[in-house]
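Participant: Here the structure of chain A is known, so what remains is to put chain C in place on it, guided by the hints.
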Amino acid sequence: MTDNSHPSAQDAEQALSRVDMIGTRAARSARRAARRYLLMTGAALTVAVIGSGLIIQSTGAEAVWPRALVIGVLWAVVFGSALALVNARAVRAAPARRPTVVTAAASALVVGATMAVGPDAPLLYPIGAAAVAAVWVVGAVLATR
Amino acid sequence: VNDAANPVSDAAHPTNDAAHPTNDAAHPRHRLDPVIHFPIRLSIMACLAEVAEAEFGFVMDTVEITAATCSKQVTILETAGYVQVRKGYVGRRPRTWLSLTPAGRAALSAHLDALRAIAGG
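In order, the protein sequences belong to chains A and C. So the first sequence is numbered by my numbering: it starts at 1 and just counts up by one. So the second sequence is numbered by my numbering: it starts at 1001 and just counts up by one.
These are calculated hints, taken from the structure and not from any lab test. Predicted model, so just to flag it, every value in this text is computed and none were measured. Accuracy of the hints is not assured; some may be wrong.
Unchecked claim - Facing chain C, according to a computed beta carbon distance under 10 Å, are these residues of chain A, among others:
no., residue
1, Pro7
2, Gln14
3, Met21
4, Gly23
5, Thr24
6, Ala26
To be verified - Across the chosen pairs, the derived CB separations fall in these ranges:
no., chain 1, residue 1, chain 2, residue 2, range
7, C, Gln1084, A, Ala84, 16 to 26 Å
8, C, Arg1086, A, Val137, 25 to 35 Å
9, A, Ala68, C, Thr1066, 47 to 57 Å
10, A, Gln10, C, Gln1084, 30 to 40 Å
11, C, Ala1103, A, Gly60, 53 to 63 Å
12, A, Val102, C, Gly1081, 29 to 39 Å
13, C, Gly1081, A, Ala121, 56 to 66 Å
14, A, Arg97, C, Ala1103, 20 to 30 Å
15, A, Ala94, C, Ala1067, 22 to 32 Å
16, C, Thr1066, A, Val137, 31 to 41 Å
17, A, Ala76, C, Ser1071, 30 to 40 Å
By construction, the Cβ of each residue, glycine as well, lies at the ideal position given by its N, Cα and C atoms.
Isolated chain A, as found in the complex (with noise of 0.2 Å):
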């Protein structure tokens, strides 16, 4: 098939076969590249839950606007050097909505009852980790199928 010719049934099945062979490699490195960004995310809440609990361990009950600061710069430091890494990959994807949606939803309440009740009872803290990491793992298989 040429710029100037008009396709044959043969010729456009071609073209078809041709597009379904390149949507297809690039369709396995969009769910790879959406796979990421989920486990990514993940892996960043995971520090991030677990670096909170460490500091606020640590520091006395007193300090708590420095706390809450340095917690602040905890979070925006591993979620910008996640966003950075994810975005330095050669192919950006948006994973499925939905799943990616309720996935959010199932950690941010994980994060917050964690974040709630984890300055009474420390031990939360890395099992509420774990809990956050293991909601984005399932969200990112189910948002990737």
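Facilitator: Chain C in isolation, oriented as in the chain A frame:
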């Protein structure tokens, strides 16, 4: 595809045979987009249709073309409003990111529909 884009036609594709009936305008080939019709451009668009954004090098490797060819065809697609080109940096290295515009997605979809209609006979 309009006549200007397909000046060679009548000998190979008479307008009154079974495959190309007199009611020429109804034939799906008229719905083919002359910009996307070119195989390399169709391949570039097929590649970009699957991703949100892809680096120039990824498109080049996936479509199996040289940088010069890719650059030339992307410029044509960009001029047509089908592809958006974004320059950026990863660290200090300059990178070029390509993505389909909404008009590009619509045009590709219509073009593929026309190809399916032709292939389906």
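Participant: The structure should be examined with respect to each hint, and the outcome stated for every one.
Facilitator: To see whether the hints hold, each was checked on the structure:
1. Pro7: holds, 6 Å
2. Gln14: holds, 9 Å
3. Met21: holds, 9 Å
4. Gly23: Constraint on A/Gly23 satisfied, holds at 5 Å.
5. Thr24: holds, 8 Å
6. Ala26: With a closest approach of 4 Å, the A/Ala26 hint holds.
7. C/Gln1084 <-> A/Ala84: 16 to 26 Å: This hint holds: roughly 22 Å between Cβ atoms.
8. C/Arg1086 <-> A/Val137: 25 to 35 Å: holds, 31 Å
9. A/Ala68 <-> C/Thr1066: 47 to 57 Å: holds, 54 Å
10. A/Gln10 <-> C/Gln1084: 30 to 40 Å: holds, 33 Å
11. C/Ala1103 <-> A/Gly60: 53 to 63 Å: holds, 59 Å
12. A/Val102 <-> C/Gly1081: 29 to 39 Å: holds, 35 Å
13. C/Gly1081 <-> A/Ala121: 56 to 66 Å: holds, 58 Å
14. A/Arg97 <-> C/Ala1103: 20 to 30 Å: Cβ of A/Arg97 to Cβ of C/Ala1103: about 22 Å, so the range 20 to 30 Å holds.
15. A/Ala94 <-> C/Ala1067: 22 to 32 Å: holds, 27 Å
16. C/Thr1066 <-> A/Val137: 31 to 41 Å: The hint (31 to 41 Å, Cβ to Cβ) holds, given that C/Thr1066 and A/Val137 are roughly 40 Å apart.
17. A/Ala76 <-> C/Ser1071: 30 to 40 Å: holds, 37 Å
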